[in-house]
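Chain by chain, the residues run as shown.
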Amino acid sequence: MKIEGKKRLWQDYQKEIATDNYFYARSCIRQNFFPASEKTFLRVMREELNKDVYEDPRHTTCSGIVYHSDLVTMDTTMTVIARQFSLMTESGRKNYVPSCITSFGLYTEVLEMWEHFPELETKAREMLWKATGREFEKPENVAHASDIIYKFRNEIASRGKFRLVNHRTGQPLRGVEHIGCHYSKMFPHKGVGGAEYPYVLVGMIEAFGGEVVDYPERRHCCGFGFRQYVVKANRGFSISSSRKKFESMAPYKPDFILTNCPGCPYFLDRWQYAISEMEGVTYGENGYGIPVLTYEELAGLVLGYDPWDLGLQTHQVSVEPLLEKMGIPYNPATKYLGAQGQDLGRPEKPSVLKVY
Amino acid sequence: MGQIIDRLKQDIRFEEGMNACINCGTCTAICPAAEFYNYDPRQVVVDVQSNNEEKIIELLKGETIWYCGECMSCKTRCPRSNTPGLIIMALRALSQELGYFTESEKGRQQLVLKRTVGEWSLKHGYCMYPEALTTHNFPEQGPIWDWEHGNLHAVMERLGANFQGEGPGILRKIPQESLDELYKIFEVTGGLDRFENIEKCSQKKAEEFGMSFDETINNEYFDHIFVQNNGEHFKE
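In order, the protein sequences belong to chains A and B. Residue numbering for the first sequence follows the working numbering, beginning at 90 and increasing consecutively. Residue numbering for the second sequence follows the working numbering, beginning at 9 and increasing consecutively.
These aren't lab readings, by the way, just hints derived from the structure by calculation. We treat Cβ as the ideally placed atom computed from N, Cα and C, and that holds for glycine. Take these hints with a grain of salt, some might be off.
[Claimed, not checked] Pairwise CB distance ranges (calculated):
1) A:Pro418 to B:Val54: 55 to 63 angstroms
2) A:Glu179 to B:Glu174: 16 to 24 angstroms
3) B:Val54 to A:Tyr341: 37 to 45 angstroms
4) A:Glu336 to B:Glu66: 33 to 41 angstroms
5) A:Gly325 to B:Gln57: 28 to 36 angstroms
6) A:Gly325 to B:Glu228: 22 to 30 angstroms
7) B:Val54 to A:Met367: 34 to 42 angstroms
8) A:Glu136 to B:Gln57: 51 to 59 angstroms
9) A:Tyr304 to B:Glu66: 35 to 43 angstroms
Next up, chain A with everything else stripped away, as it sits in the complex:
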């Protein structure tokens, strides 16, 4: 195929990502389980890239988890989203950046639906006005926070102190990426690389010097499934889905798993622990697990941020094997200290999964 033809085909898989003046909407799940990742995103954007990112303390859950738990109708969800847009409008920004893939999928779904059914946009405006007296403008650009890191991956790499390279051998480290179902399975043209060739995480790994490993269950769901995890009786579904991925990726001996959605790293981290307790099976080297990272944590490591500032001490699967391969120094003595250096004790060790 001619180069021009290839370029034309690939254009279908690109998306527009705004370059500055962002309205940042936090993620319920990321704030609970990976709070330092959101702090890192803002640090990278403001301190490294000198970007304007605005956060309004009045924004709330987007209602995505409640919507996908089938507790509310589209009317409720699209009105909650309309309120978030109202806060963005007040701020003077037009580029909306959610920190959650469920949110990103839902914002995309609502905006597409309003395109197809303008009467529903009118209804949302009426309901928002009736409930809150608010009005809103739609964003000009919606990009997930990972899209922004992807956009500036080369700038981050050029400022980086470490690379995804084994510092002893000089060989690229091997990563598997997990894109998160709602990033591009619903609206492929809204994700970098679409549903077939999602490139948002691949682009980061490659820019940071690593190598992406393909494996058969690369696109399988992590198993969150909303009600399939929140309700204890259903969690067999959730753990089985993650297990299927681990079994599929393990033969390729990945050095790390990179994730997009805030829920996926939680499941891919914690289900490794649960499987080790249930079946005595571990998937990493020498009885450890495969380290799981958020994209913010990866960017922070590349930029040389302290691993404990990134919150890596709150992962159940130890991340130290990856740090050692990258040649990143870390201090075990400060791992579990508080902000003022106070001793917060030590977590108990799992019975099977090895941890540092």
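Model the placement of chain B on the given structure of chain A, informed by the hints.
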């Protein structure tokens, strides 16, 4: 056309998700739930497409519609642009509106979801809230969460959160005026009506079962639906 079909067609998810199904089974092949549960989204779509009200009522009262994880992998793959996941969402909504959801083990779990992610959203402004998450109910969180939970304020401070604080930041206290606006949205758009109906139908079912029921997440009926699994949901 029957009343049930008419009501389904009023749901925008049904309108978006249901075109002409050619019964190819691609959705079932790609579906993570179909690998685990005794679940066949192709058959759900065929049943709905049949316009047979008896079959649809059977779905609304049964276990099948609650197996989907709403990952929407089916949307990407259907060669006729159907989305079984959206059809499932419309069926689940109607099952709750008609009070049929308490007729199935999986459907009854809606009360768990309402009392957790639903109520946390309105109370805190977050669908999840760390103080409510314990390894008793979420044991897979592991010893690392016990450590984190036991030092919650100190760990959140170390990680840069503004936990329960004023102003912007991670897990900040969301202003009461904002929570009031969220509540009002739920009121105006029918969200609270759905919540109340889940409560009413669940209480009735608890009485039928002879189980204690109160507004907390520590009562006999809640404990039962949170963990009950009759073992008949799975693939052989």
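Right, here's what the structure says about each hint:
{"no.": "1", "hint": "A:Pro418 to B:Val54: 55 to 63 angstroms", "in the structure": "holds (60 angstroms)"}
{"no.": "2", "hint": "A:Glu179 to B:Glu174: 16 to 24 angstroms", "in the structure": "holds (19 angstroms)"}
{"no.": "3", "hint": "B:Val54 to A:Tyr341: 37 to 45 angstroms", "in the structure": "holds (38 angstroms)"}
{"no.": "4", "hint": "A:Glu336 to B:Glu66: 33 to 41 angstroms", "in the structure": "holds (36 angstroms)"}
{"no.": "5", "hint": "A:Gly325 to B:Gln57: 28 to 36 angstroms", "in the structure": "holds (30 angstroms)"}
{"no.": "6", "hint": "A:Gly325 to B:Glu228: 22 to 30 angstroms", "in the structure": "holds (23 angstroms)"}
{"no.": "7", "hint": "B:Val54 to A:Met367: 34 to 42 angstroms", "in the structure": "holds (37 angstroms)"}
{"no.": "8", "hint": "A:Glu136 to B:Gln57: 51 to 59 angstroms", "in the structure": "holds (55 angstroms)"}
{"no.": "9", "hint": "A:Tyr304 to B:Glu66: 35 to 43 angstroms", "in the structure": "holds (40 angstroms)"}
In summary, this structure violates none of the numbered hints.
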